[in-house]
Amino acid sequence: MELKRVVVTGLGAITPLGKTVEETWTNLVNGVSGSAPIARFDTSKFKTKFACEVKDYDPKEYFDRKEVRKLDIYAQFALIAADQAVADAELDSEGIDQNEVGVIWGTGIGGIKTFLDEAVDYAKGDGTPRLSPFFIPKMIADIAPGHISMKYGYRGPNFGTVSACASSTNAIGEAYNLIRLGKANAFVTGGSEAAINEAGVGGFNSMQALSTRNDDPQTASRPFDKGRDGFVMGEGGVSLILEEYEHAVARGAKIYCEVVGAGMTADAHHLTAPHPEGLGAKRVMVNALKDNGIDPSEVDYINVHGTSTPLGDIAETKAIKEVFGDHAYKLNISSTKSMTGHLLGAAGAIESMACILAINNDIVPPTINHFEDDPDIDNKLNFTFHKAQERKVKVALSNTFGFGGHNASVVFKAL
Amino acid sequence: MSDIASRVKAIIVDKLGVDETEVAPEASFTNDLGADSLDTVELIMEFEKEFNIAIPDDQAENIGTVGDAISYIEENAK
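If you read the sequences in order, they're chains A and B.
Each step along the first sequence adds one to the number in the working numbering, with nothing skipped, and position 40 is 1328.
Each step along the second sequence adds one to the number in the working numbering, with nothing skipped, and position 12 is 38.
Note that these hints are calculated values from the structure, not bench results.
As the structure is a prediction and not an experimental result, all values here were calculated from the model.
Treat the hints with caution; some may be incorrect.
Unchecked claim - What follows is a set of in silico ranges between Cβ atoms, one per label pair, in the way DEER data are often shown: (1) A:Thr1416 to B:Asn88: 19 to 25 Å; (2) A:Glu1349 to B:Asp45: 18 to 24 Å; (3) A:Glu1310 to B:Gly90: 48 to 54 Å; (4) A:Gly1490 to B:Glu74: 29 to 35 Å; (5) A:Ala1561 to B:Gly90: 56 to 62 Å; (6) A:Thr1416 to B:Asp94: 19 to 25 Å; (7) B:Val67 to A:Gly1383: 55 to 61 Å; (8) A:Gln1496 to B:Arg33: 47 to 53 Å; (9) B:Arg33 to A:Ala1554: 54 to 60 Å; (10) A:Glu1382 to B:Asp62: 49 to 55 Å.
To be verified - Listed next, the in silico DSS-like pairs over lysine-lysine satisfying Cα-Cα at most 25 Å (straight line): (11) A:Lys1307 to A:Lys1675; (12) A:Lys1348 to B:Lys41; (13) B:Lys104 to A:Lys1412; (14) A:Lys1680 to A:Lys1668; (15) B:Lys35 to A:Lys1358; (16) A:Lys1354 to B:Lys41; (17) B:Lys41 to A:Lys1358; (18) B:Lys104 to B:Lys75; (19) B:Lys75 to A:Lys1354; (20) A:Lys1618 to A:Lys1514; (21) A:Lys1439 to B:Lys41; (22) A:Lys1348 to B:Lys35; (23) A:Lys1675 to A:Lys1618; (24) A:Lys1358 to B:Lys75; (25) B:Lys104 to A:Lys1343; (26) A:Lys1354 to B:Lys35; (27) A:Lys1668 to A:Lys1609; (28) A:Lys1292 to A:Lys1471; (29) A:Lys1618 to A:Lys1542; (30) A:Lys1412 to B:Lys41; (31) A:Lys1358 to A:Lys1307; (32) A:Lys1307 to A:Lys1348; (33) A:Lys1682 to A:Lys1668.
Unchecked claim - Examples of chain A residues toward chain B, derived with CB under 7 Å: (34) Lys1337; (35) Arg1353; (36) Lys1354; (37) Ser1420; (38) Pro1421.
Even for Gly, the Cβ is constructed at its ideal location relative to N, Cα and C.
Given the sequences, and given the hints that come with them, work out the whole structure.
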C-alpha cells in the first residue's frame, strides 16, 4: 500500500507570547521573553514565583459564562487554538466531509486546576462527597479533543495523547501516521497545557525542576547557558491542521509545508533524568528522519527540547552531534523555550509551529538569555544565541522529551 | 418573593447562565432553561449545599421546574 503525503494547512495559537499565531511568531523572532511574576495565585510561600503565563487572559472574551464553568482552562486553550487553526485552514467550509476529519490532542496533565479545586473543596467539607458532576468531564485529559469534535462535528478518529512534555509531538505524529494510512482526510491536532497553579508549580518545585531565579524572571530560561537552573513553566494551546496532500490541493487550501517524519522512542532509564548519553534522543531523531529517507545533512534547523535544565541540555547536545556528525556544526539549533517557557504537553505543538514558520519565513528564532558558555556543552554548535538568524530553511526538526523517558520528534519540509 | 425563592433563582441564574427573567416558576430546567442531565445534578447539589439539606435521588427526580425546587425546599429546609 502506498502511503499518502501529509501537509500543514492551518495554525492557531494562544501562548505566553500572544493570543494569535502572528503575535506569537513576531515575538519569537524578536527574542521577547514571556516570563513574569505569576499573576494567577499568591506565590509568597512558593520557591518559584514566576512563569510564562498567557497574559491578561479572560475566558469571557472567548466563551459564555455557562461554557466557562464546564471547561478547565487547558480545554479552553485547546478550543481557542483549534478555532483559529480551523478558520485558518477553512476546514469548516462546505464540502468538507466531517466524517473524515479527526482530532488528536496532547496534554501532559489535563485539568489539574479542576482537580485541585475539587479536592480542596472536598477537604473543607465534612466528608460528604459533593463533587461536581462536571469534575470528571472537566478534568480528564481526553476531553479537549472531545470538545473540539463536538464544536465542529468532526467524526473521524478522536483521542488524546499523554507522554508528558512529548504529548503534543505524539499527537502530531499520530495524526500524520493516520493520514498516511488513509484513515482520515485531515486532523485538528496540537496540544494545550495549563498547570500554572499551586499544584503544578509546587509539584515541579518539589522535583527541583524549576528555575528559582526570582530576582530576574525574564532571563531565567537560559538553555545551554552555564548558569541555567531549571525550566520556566509556560502554558497555552497551539493547534495544527494536518491534511492529506491531494485533499488539500483539490480544495485549493493554503499549504505551509509538508510533514515528512515522526519518531518515537523511550529511554527506559529513569523517571525524570534523561539517559546521560542521550540514547533515546539519538534514536528518535534517526527514526523521524528515516520515515521519508531524509538525510541528516538536509536538516537546516533543529528546534531542540532544550529546557534549561542542567542534565537535559547536555544529553540532547550529545545526541545531536552523534546523529548529525560534522553537519551538526552547519545547522541552526535553537530553544524557543528561552522565550515561551516550557509549555509541557503543548511544547511539541508550539515548537512545531516555530519550525513550520521558520520554513515559511526563512528565519530561525533565537535562543535568548545566553551569558556564559558551559564547558560541558560544545559551543562550536550554532545555538542561534541572542538574535534570530536569516537562513534558507528547507527542513526543520522538533524534539521533545517527557518525564517517563518518552521521546518524540517530527520533521517538516518545505513543499 | 420568599427568601428561599430568591436564593433558588440566584443559583439557577449562576449555574445555568440564564437571565433572571427566564427563571419563572413553571420553567423546566431541561426544556426551558437549557440544562442537561449533569446540569440538573449540579443544581440539586447546589440546593443541598445552600440549604443544608439532603435531597434523596428519588425525590430529586421529581424536581423538574423552578417551582418544584422552591416548594420542595420550603417544605424540607430546616
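Do the hints match the structure? See the list:
1. A:Thr1416 to B:Asn88: 19 to 25 Å: Hint holds: Cβ distance 22 Å, inside 19 to 25 Å.
2. A:Glu1349 to B:Asp45: 18 to 24 Å: Distance hint for Glu1349 of chain A, Asp45 of chain B holds at roughly 20 Å.
3. A:Glu1310 to B:Gly90: 48 to 54 Å: With a Cβ separation near 49 Å, Glu1310 of chain A and Gly90 of chain B satisfy 48 to 54 Å, so the hint holds.
4. A:Gly1490 to B:Glu74: 29 to 35 Å: Given range 29 to 35 Å: holds, Cβ gap about 32 Å.
5. A:Ala1561 to B:Gly90: 56 to 62 Å: holds, 57 Å
6. A:Thr1416 to B:Asp94: 19 to 25 Å: holds, 23 Å
7. B:Val67 to A:Gly1383: 55 to 61 Å: 40 Å Cβ-Cβ, so the 55 to 61 Å window is violated.
8. A:Gln1496 to B:Arg33: 47 to 53 Å: holds, 48 Å
9. B:Arg33 to A:Ala1554: 54 to 60 Å: Distance hint for Arg33 of chain B, Ala1554 of chain A holds at roughly 55 Å.
10. A:Glu1382 to B:Asp62: 49 to 55 Å: Between Glu1382 of chain A and Asp62 of chain B, where Cβ atoms are some 29 Å apart, the hint is violated.
11. A:Lys1307 to A:Lys1675: The given pair, whose Cα atoms are some 23 Å apart, holds under the 25 Å limit.
12. A:Lys1348 to B:Lys41: Cα-Cα ~15 Å, so holds.
13. B:Lys104 to A:Lys1412: holds, 22 Å
14. A:Lys1680 to A:Lys1668: holds, 21 Å
15. B:Lys35 to A:Lys1358: holds, 20 Å
16. A:Lys1354 to B:Lys41: OK: Lys1354 of chain A and Lys41 of chain B at ~7 Å, within 25 Å.
17. B:Lys41 to A:Lys1358: Holds, at about 10 Å.
18. B:Lys104 to B:Lys75: Roughly 13 Å separates the two Cα atoms, so the pair holds.
19. B:Lys75 to A:Lys1354: Status holds; Cα separation ~20 Å.
20. A:Lys1618 to A:Lys1514: holds, 23 Å
21. A:Lys1439 to B:Lys41: holds, 21 Å
22. A:Lys1348 to B:Lys35: Roughly 22 Å between the alpha carbons, so the hint for Lys1348 of chain A and Lys35 of chain B holds.
23. A:Lys1675 to A:Lys1618: holds, 17 Å
24. A:Lys1358 to B:Lys75: holds, 19 Å
25. B:Lys104 to A:Lys1343: violated, 47 Å
26. A:Lys1354 to B:Lys35: Holds, at roughly 16 Å.
27. A:Lys1668 to A:Lys1609: Holds - the C-alpha atoms of Lys1609 of chain A and Lys1668 of chain A are around 11 Å apart, at most 25 Å.
28. A:Lys1292 to A:Lys1471: holds, 10 Å
29. A:Lys1618 to A:Lys1542: With Cα atoms ~31 Å apart, Lys1618 of chain A and Lys1542 of chain A exceed 25 Å; violated.
30. A:Lys1412 to B:Lys41: Roughly 21 Å between the alpha carbons, so the hint for Lys1412 of chain A and Lys41 of chain B holds.
31. A:Lys1358 to A:Lys1307: holds, 22 Å
32. A:Lys1307 to A:Lys1348: holds, 14 Å
33. A:Lys1682 to A:Lys1668: holds, 22 Å
34. Lys1337: violated, 33 Å
35. Arg1353: holds, 4 Å
36. Lys1354: The hint holds - Lys1354 of chain A has a Cβ within 7 Å of chain B, the shortest such distance being about 3 Å.
37. Ser1420: Ser1420 of chain A check passes; min Cβ-Cβ to chain B is 6 Å, inside 7 Å.
38. Pro1421: OK, holds: Pro1421 of chain A within 7 Å of chain B, min 4 Å.
Violated hints, in rising order: 7, 10, 25, 29 and 34; the structure is consistent with all others.
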